[in-house]
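2 protein chains.
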Amino acid sequence: MTLDEALALDAADPLAHCRERFALPDGVIYLDGNSLGALPRAAAAAMADTVERQWGDDLIASWNKYDWIGAPQRLGDRIAPLIGAGKGEVLVGDSTSINLFKLLAAALAARPGRSTILSETGNFPTDLYIAQGLTGLTGATLRTVEADAVEGAIDGDTAVVMLTHVDYRGGRRHDMARLTAAAHAAGALMLWDLSHSAGAMAVDLRAAGADLAVGCGYKYLNGGPGAPAFLYVAERLQDQLASPLSGWLGHAEPFAFEPDYRPAPGIARFQAGTPSILAMAALEAGLATFDGVSMSDLEAKSRALSDLFIALVEERCPDLTLASPRGSRGSHLVFAHPHAFALMQALIGRGVIGDYREPDLVRFGFAPLYNSFADVWRAIAVMADLLTSRAYDQPHFRQRQRVT
Amino acid sequence: MTLDEALALDAADPLAHCRERFALPDGVIYLDGNSLGALPRAAAAAMADTVERQWGDDLIASWNKYDWIGAPQRLGDRIAPLIGAGKGEVLVGDSTSINLFKLLAAALAARPGRSTILSETGNFPTDLYIAQGLTGLTGATLRTVEADAVEGAIDGDTAVVMLTHVDYRGGRRHDMARLTAAAHAAGALMLWDLSHSAGAMAVDLRAAGADLAVGCGYKYLNGGPGAPAFLYVAERLQDQLASPLSGWLGHAEPFAFEPDYRPAPGIARFQAGTPSILAMAALEAGLATFDGVSMSDLEAKSRALSDLFIALVEERCPDLTLASPRGSRGSHLVFAHPHAFALMQALIGRGVIGDYREPDLVRFGFAPLYNSFADVWRAIAVMADLLTSRAYDQPHFRQRQRVT
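Here the protein sequences line up with chains B and S, keeping their order. So the first sequence is numbered by the numbering used here: it starts at 1 and just counts up by one. So the second sequence is numbered by the numbering used here: it starts at 1 and just counts up by one.
Bound-form chain B, shown alone:
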């Protein structure tokens, strides 16, 4: 494939116009939107308005005047169509870790007599850590098995199955409908972490019959560094579940200042303390980058970008070995290389931003709203040149530093 052919794919891309919604820096090919989504152009003005006019001029009155108080549910309702949820089923706030704790604890309480949280060994570590923190408090057990063994491991003691839809490293995608059905067949609840799938593909929680989900606001949702996360509780379950992180904004009447906690009806009960309104404003600008976007177009483009990346790597970068599945996968890819760390540093030095994952993986994410086929072509051209010239093999590229 030539660059002209890649540009022709961009010309035919129904999502090509979305790239203009982002302020991408010159000279950079950004393939790390799976770690931190790019800046929406509208975010700067939204933040300035929230800071200067809302906070500065209207001060405390803004909680009502600009509906700050409604942000967690308003933003949740904007995320809902991206993940196949209904109005009133999604709430924004806190971090993915905190939201996971709320829902795991609620799930355990809703399945009395069952004591196991079942997950996969390679799940994103914070998901396992949070489950460990909860089991340390409650006496429940976290059991982890290899990804392929999860379905067979669900049993009568399983209160909740906790899986990440798309694996953060290799990008393997679980069959959401099948595993949810398996959990239900055994009487367990099913909790999905959508951090690496929401905003990059056509997630359909309702079609899968999913019970619970959490996800990240700062990856494909473009909400800014450390953006508030979201949680989903199927409407049919909301009044049976309660959050142990029972802060005042989840109370039925937060401003009555009653001495005892009474959970609010519906999804609002999963709020805890007061959310950052500035962080909410940035996430709202991030969610607006999805306006008018069809989820099937999004998924098709994600697949086309990553398929093209694989094809070009295999044609032009034979030293790299695909370590992601060729079949069902998310919107990022990993490749093994003996000098993966130095290679990624050299790529970053040439303006191709991906990231490194232990022990020998380079990772590239494809954000369908702003990455182009030409981005893929140009990234491969840079990488092929580095590999051929071995220009990555220099001491300063080998120096480790912390990267999120």
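Rather than coming from a laboratory, the hints here were simulated on the basis of the structure. There's no promise every hint is true.
[Said to hold, decoys possible] List of simulated lysine to any residue pairs, SDA-like, C-alpha gap at most 20 Å:
#1 Lys65(S) to Gln399(B)
#2 Lys65(B) to His396(S)
#3 Lys65(S) to Gly266(B)
#4 Lys65(B) to Gly86(B)
#5 Lys65(B) to Leu237(S)
#6 Lys65(S) to Leu24(B)
#7 Lys87(S) to Ala264(S)
#8 Lys87(B) to Gly266(B)
#9 Lys65(S) to Val28(B)
[As the list claims (entries may be wrong)] Covered stretches of chain S (in silico footprint by chain B; criterion: 3 or more residues with CB under 8 Å from a CB of chain B, positions within the stretch not fixed):
#10 27–37
#11 45–51
#12 194–200
#13 208–214
#14 226–234
#15 272–278
#16 372–382
[Said to hold, decoys possible] Output of the computed footprint for chain S on chain B, the stretches with three or more beta carbons under 8 Å from beta carbons of chain S:
#17 241–247
#18 353–359
Here a beta-carbon is modelled for each residue, glycine too, at the ideal position from N, C-alpha and C.
Please build the complex by placing chain S on the supplied structure of chain B, with the hints as guidance.
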């Protein structure tokens, strides 16, 4: 007292220059900094830089380049001198509610064989709600008694005493050193909620021997709506306590992606998930408004402002009854009035911003960095006029709306 005399007090005020650090709207006397601190002038530029340059241009690299990763501890170290804590004893992130949950759970685990969280009946409701959520998970018990009875109620089953230093309604201030000593004498840990005191008075956790504390970033710390909160763990206790909200950023090696949680050394172990960097940037601007400010000047001004307010109310607004203590108290005051709600609405309509608290209280907060003696004089002039004319007694002022 005349307005000229109030202006003379301002001229002699060692903190008068701090008012210029805030962008206060024209025509407003803002006496609600105890609910939402005013906008620091430097915040707008700090936010724009964080959004446009750091997030927009440098993207994922900013975690290292601008030390986003260090923000929770860096901001904690800036709060430390405001509350009498040392370097490495304060951490910023999450909400007050979430931080309270972390520390209450850690305290219970550190006092095996004891099962009671002791608090006061009138504590801020979210503190009680969070304790209720935790006891629901663990089988521990929350016991509440009237404020005066707390000291006598500490016993051999008390794992932790949880009190708010300054009461959110009436403003009563507890004797931190005395109650901490009483908790220790009974073998219990002492946890202080500093939400209504940090940034308004000379808090000295170390001098009091306090074990644990939490507090709010969006009141007197001027961190913006829903700003990240803080927590304090005395250095001597840090390695004995662990957070049950054990997210990846509290891990000893978050980027090693190990399957099992290992708490980081020191205060970092109380981090959970990824914090909002935009919210952190605003709070950092808020904390900079304290640069060069002596805590004893701060406390003296808080007292002088509120003493003057009481004196002028008693002279000019005899229909109001002081419902705050005359003695040890915080930086806000409440007064009872039979038409408190309508009176506060009328005050707000005339540009004097305080708030209403059930059932019949008007509340006024005094932020020593930006409130002036002239603010107090002018607020009283408006209130005296409203009370004399009964101009508050109109249907549209009686209409209730939700106010945080």
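Checking each numbered hint in turn, tell me which of them this model violates, lowest number first. Going through the list in order, the structure violates hints 3, 4, 5, 12, 13 and 16 and respects the others.
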